Amino acid sequence: MAAIAIGESEWEVAIPEKPLKDKLYFENLKAKVIDTNLCSRCLTCACICPVDGITAVDGVDFPDYEAKCTDCGACVRVCPRFVYEPKSGLGSYIEFIAGRSKRFAGQDGAMVTELLVSAMEMGMIDRGLFAGRDEKWAIEMFHVRDPQQLAITTLGGTKYTFADVLPALKKAVRFTKRGVGVVGTPCIVSGVRKLQQEFPIFREKVKLVVGLFCTENFHYEDISRYLKEKGVDFDKLIKTDITKGKFIATMTDGEVKFKVKELEEILPSGCNVCTDFTAVESDASVGSVGSAPGFSTVAVREEPAKKVIEYIKEKGYADFGEADTSQLNFLIGHKKEREKNITKPI
Amino acid sequence: MEGDDKDRNIRILHSGVLTPLRRWGTKWSLWPCHFVTSCCGVELAHAFACGFDGERLGTLNMGISRQANFIIVEGTITRKMARALRIVWEQMPDPKFVNVIGACGQRGGIFWNSYNITRPSEIVPVDFFIPGCPITPEGLLRGVRAVQEKIEGRDRTTIKFKTAALPSEEGKENRIPTTAKIFAPTPAIRVDVPKEVDWDFGREMVKNLKAQLGDVYKSITITDKNRIAIKTTPENLVKVARKLSDTMGIDHAKNVNVIDVPHERKFIVEYMVSSYREELMPVIITIFTEIGREAEPVLSSLTALWESGDYSEREMHDFFGIRFEGNEGMNRKFLLAPETETPLRKDFKLEEERYVLEDGTPFAPAIELPSDLKMPLSEGLLEEAEKSDDFVVLIGPHHTGSGHLRWIMRMKGDVIVDVIPDPGYVHRSMEKLAENRLYIQNIPLFERANISDPINMNLGYVRAIEKALGIEVPERAKYIRTMMAELSRMGAFFYDSGIFSLFTGHSTGFMYVWAIREMILEAIVRMTGSRCTPSFIIPGGIRRDISDDVLNMTSNFTSAVNKRLQKFEDIFIYNPVFVARAKGVGVLTREEAIRYGIVGPFLRASGVDYDIRKVEPYEVYDKLDWEVTTGDAGDCLGRYMGRYEEIKQSLRILKQAVDALKEMPRGDVISEEVLGEYKEASKDIKGHLFHAYGNLVLPRGEWTSVIEAGRGTLLYSILSDGESNVPYRVRVVTPCWMNLRGIIEASKGERVADFWTIYGSFGYFPPEADR
Amino acid sequence: MIDINTVITGLGIEGNQVSVPLIQQMLDLLPEIPMIKLLISFILWKPFFAALICPGFATLGILLLFFPWIERKLCGRIQWRVGPHEIVWWLGGIIQLLADSLRFLFQEVIVHKDAHRPYFLQFPFLTFIPALLPLLFIPAGNIVAIETPYAIQIILAVICLFPLFILGLGWASNSRFAFIGTVREAFMYFAYEVPFIIAVLGMIILYGTSDPVGIANKQSIWGIILNPVAALTFFIAAAMATSRMPFEIAEADQELAAGPHVEYSGIAFGLIYVLCYEKAYVLAGLMTILFLGGGSGPEIAGLGDLSGVIWFLLKTLIVLTTLFVLRTIYPRYRLDQGLSIGWGAMLSLSLIALALSIALAQVGVI
Amino acid sequence: MKKVTVPEQSLGEKVVKHAAAIRVAMKESVYPLTATVFYPRERKKMPDNFRGYLMFDPDKCISCWECAFVCPANAIQMKEAPNKRYYPTVDYGKCIFCHFCVDSCSGGALKTTKIHDVAYKDMGEMLTLTEEMIEEPEIIREDKKLVEYEIDEQDLHLKRTREVDTLFVEVTPPVEIPMVSQCIEPGSCLGCRICEEMCESGAISSIIERQVIKMAIDRDKCTGCGLCVKECSMQILRLVRK
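Protein chains in written order, with numbering that gives the first Met the number 0: chain L, 0 to 345; chain X, 0 to 770; chain Y, 0 to 365; chain G, 0 to 241.
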């Protein structure tokens, strides 16, 4: 075993100020983010909580926090919406292309899978965090360390449900040797960035953050209830998709279609204040809008993602085409409108 | 249950006429109905053999429950055995007493959270509990004395603790730590992780395989030296197997294994196959396929090609609910568990460890006890036997000559038509427990599969770990391991000789070899501190060096044993009556032996020159001068004489190893590679075992080690996910489990009394087979 | 007042007294308390002495209490251990069997529901008839209960009844192991009985008489030296008859869990347990008479008739011990092997013995 | 390779072998090689490294919980003492005497004894609390003699001496490997102070000064038990050489 670098015996930790002085940090978080409906349920707080107390069963909460909470303030430090700086627009990018994986089949061009697997092959990361689902379409997080594991059909495809990506990230960071790749909605991407900003260990270990284009996302309990009402049988459900303003649930024996607008009644409050459609903070964001059917739109923003895309091109793992940013503008604009929903902090 | 009052027997004794006489007579005439249920039976035998001779106390071992008045429950009572215990207890005349020896029968010992063990105290009223794992003979005799005292009216625990004050100065409130076990989330399970090894023959072989198999395989990987993994689809499995069998002469399956991967909704089913052709001997080919994780997935059986995999397939059916189409034994006979229970699936959870003592919490999970006393037979067996005019006798699980399994014997006159084994009475779910324990904690666990050959059990497991980590063990440790492994092999042989002589009715033979065993155990106890369960070999070496006195003693043993062995030879081995009993009985030809999957010395007795110590040498076997013993007879006497000759070779090895150790300067006995920061502990692990090994994690992949244990090929296959400090799956195939088939086939057509000769000649040790 | 001597003479027990010179004076000195004298006369009356004391019940009783101990101790010794010891350890556990029998006596007797209850309980007692009856005909020295010229034949006849009772035990038990055990017993019965009888017959021919006292007296050279073949046959047959190793085929602890006795418990088993010792005692006594010169031996000063008794007992014990030590030397044969030994080797041996006897008788050795 | 042949016994050989077997029995009945220990009245000497009942010294215990973690049978469970520290208790109804606990005890607080012959009349009694493990327990002993196995080049001999063996042994303390916990990446520290709560020796301290938590590890007090390392949520503590 290699010699371990001698560490420090004494060190200091800067902790944030508490707006509510004599309350615990979590109570501050609750008052400022959760109770004000700002919370996006990205669960960055659950990721960092040293006692693993924060859960998201029915809204983010910390049951029994009086007994368990160590009042370290980490949750406040990492919460992207504690001091909310809404982001929007297309963001900066190096390249804006459309791609279709030759190796994987999935939603559209399966470029998310391709990006992570290629990064794994390059040795940049040794695991990717994917959202899988169980028989009831509830999300379970998946650490993919081996492209072979992607044979599981439930990993690909959109679920339109919040995934506990970030709680899984902590374990991934703990186990990883080379690095972790994360896929997530814009809120999750912001959470990861915030973690990286606060804690060097995440800077070191999280190597690739792939964002997804996102208009809104739903809580599992809400959407499953809603879909059941619409007549979707989860045992037979194969995939879900949103195209052209319609939600399509494909089952073994038919389809259920309805307008996306109808879903607004179960729209989470966190999404209601989210203005980011393209995950501007990510290394690369991927989505179906803006490219031909069967292709995914990829906005390559940072150096790591660039390297991966080059690797893919070099190996010829994917077909590439032109992406049309203009198609995105409508949705970007649509999301930007939500800025008005943000109430000013206390 | 009714009448389960602990002091009822004492009341019976103390009432009625002539009470003092009754008490006195009962006190000195406690005849134990030796309820050999598990490995403590080995130590019980030591207590009643010449080393301690329990008969001195008037306790004459009696196999028959009607005539005994004392049960010594020797360890584990599984769900299946629970009924037998109750039946035996009910059969015994009043007044009767029960002692439970060994931790398994108390709060479960190392098997405390097993899904299959019960607590005897809930089945029968127990008078005394004797701790130990296994107990020492002294402990057992202390228990007998305690019962004698109880009969006299002094009912007491024989230890008194003094309560001392604990430090009471004010301290700070402390947090309770979480478990030391780390489970990786959604682990990546892969059987065929490729590995770069220097193995030209293998690369050549892979090339040939690819050419031969054509399109029926998915991938062929070299996973380690001498290990090849072939992936195929469930449909093509039989095709691959047939090609391998036809073109390469792969003639036996060493292992059938199933791995449950719930998060990927699949089972991996793997067959480890090999050949007894000279050049292919060390190679183990793993053929594996993935099938969907349903309630009862179906896969075609390979028993038509390799009958040796038969019992392992049945076992997998019990544990995972996978149906092997074409195997007749798909009837869930192993566990006598609820029909729907598939315990080795990952969603079957065991009780979690507790690290803080809480008042009023149970220590072991409560297991539902069987409610009736029926021990079911397979349907229609009796009717069918009656029609063909066969006589059916059920032998065991509590029978002087059955060991702890049940044999259903069909006979016509004095000729055996069929013997159907009903194993699993000592199934203690080792494989499941191993998935929930740290790597280091599994060392004592696997050792308990067979405490008559503990060091080989220990060595096999540790070697699999070392193989995975690529550790080179210090030379001195290697010699000590070899020495101990040979001692253990001798112990196993003498154990089997003793049982064999008992089975042929020769109690003197039993006593003589048990005296020799007593010497072996003395050597082991001085080396390690424990008689039967040393747990002495740890990854990277051994726990500590051994002293010169012990080396001298071991060296003396190699010559001292001859005197007693000579007498044993005269009175038992060359005794014309014994020769007449064993000669020409239960013959297995070379082909039969290979087909039925016989391993070890029993296979060699049928003429196959296969000894892993030569084929794939480990430790220092290749540096020492010794020979493999084979024979052509293939009968009971051949098997026995072959093993006897092997023991003489063992003495040779032992002598050489001890001499080398005496010459060798003292040095490290644990590899510094594995100790890391704690390398000062390389001479003695004392004080740093957990530091150094608690977080041992194996690289991803399946690591298979085979060693030659006392009774044959012992295979450990550890599947690691590369992140957890607990194994994902450990599969252990013990020689006795493989030999079970041989006993059945050799018995058919022989005379009834020959069954015990055959059974004895195979050295069957049920805890090892059932695990 | 009745003269006690008259009574004694009247009963006809006067002349047939065991004479022991050593205690004769003491007896003579006994005060003239009539009852005691009568009692002593009775006890010393030879038929009575034989039936009640030696070789009869008292000796048998003591033997049964101590012989298993001797056996267990000796076997223990040969097997490098100790045997029963701790019960009174300074005497080496000599009263072990007393404890065992007391335990059996007071233990519950279980009659399981499948058993034939009356027979199951009767047979252990009935079996005592063939076991005890021969004792009346076996002389210790010159002391014998019933003196008849056909004693040997009667003994043989009664002994041959013995296995029938064992069959009864097994049948009444109604258990599969007991069933197999009894069948094996029956097979073995026929296999050893024929050579056994022929061997004895040979000796009767040799001695020209079947009166045991006469036989004993005729052995100026012991029968075992005259006809060792017959002695060997007799000994092996005795081992078979008492189910000793290597012929413990019917009981076969490891195979049949003691065969016919498997279901017996408590005192019923206790009785069966001693039965085989009783039978062995009878056979050993017979062997002593036929081959070892009965009670003959150097006169022990002052013991008179008892000298013969002691020699007889000593020889019987030696035979018994040899018979029982066999179990430490041999494993057991298989049934078919046992049968082939019985019907093959032993039958031919017995015929050779018969021929030898006839030849010797012709030559007129005796 | 060595071929084993099974014995073919001719009639003559059979007789010889019969005679050999009988000779052994006769010889042994006169000069037996008895190897029996008369247990309740004698006691076999066990080596000093014998793995028997455990004894515990609270002064040496650093409450590192390792005995509880390593125990394969979960027989060792910790119990809070009046001084708020956790000390081990042993349930002999589960203990398998592997002594992994003794070998894991870096302070040498657990040590072995030669007690192994104990009968309990009740399973509840088998739980031995910390306070009962400190002083030497008494067991019922009837032995007056000590028997030692001696194996020389000829045979096994039983050496009997008229003495009563002491069951308690002096053990050598384990090799000391001084380790200390250090923070390898202070920047990632959350300031949750779990390590401080964990530390039973009080080596880790924290001071909150306005918006800064000052963490300090006292190198002298630190026992190197590794509990803080194990529990650190960010895994930024390491054990390093002192």
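Simulated from the structure, these hints should not be mistaken for laboratory data. Predicted model only: the values in this text are computed from it and were never measured. Be aware that one or more of the hints could be misleading.
[To be verified] 25 Å max Cα-Cα, derived PhoX-like pairs, lysine-lysine:
1) K180(X) x K170(L)
2) K120(G) x K171(X)
3) K647(X) x K1(G)
4) K159(X) x K13(G)
5) K13(G) x K562(X)
6) K159(X) x K110(G)
7) K59(G) x K682(X)
8) K159(X) x K26(G)
9) K265(X) x K314(L)
10) K229(L) x K256(L)
11) K161(X) x K220(G)
12) K78(G) x K171(X)
13) K220(G) x K613(X)
14) K101(L) x K217(X)
15) K13(G) x K2(G)
16) K220(G) x K678(X)
17) K176(L) x K466(X)
18) K180(X) x K67(L)
19) K348(X) x K170(L)
20) K466(X) x K613(X)
21) K13(G) x K161(X)
22) K158(G) x K562(X)
23) K17(L) x K213(G)
24) K213(G) x K20(L)
25) K411(X) x K180(X)
26) K59(G) x K678(X)
27) K170(L) x K265(X)
28) K647(X) x K59(G)
29) K143(G) x K159(X)
30) K26(G) x K562(X)
31) K1(G) x K582(X)
32) K1(G) x K159(X)
33) K562(X) x K224(X)
34) K176(L) x K206(X)
35) K171(X) x K59(G)
36) K235(L) x K256(L)
37) K204(L) x K170(L)
[To be verified] A few chain X positions that, by computed beta-carbon distances, are all more than 12 Å from chain Y:
38) D52
39) D154
40) E195
In this text, a Cβ means the ideal position worked out from N, Cα and C, and glycines have one as well.
Checked against the structure, which of the hints given earlier come out wrong?
2, 4, 8, 9, 11, 13, 21, 25, 28, 32, 33, 34, 38
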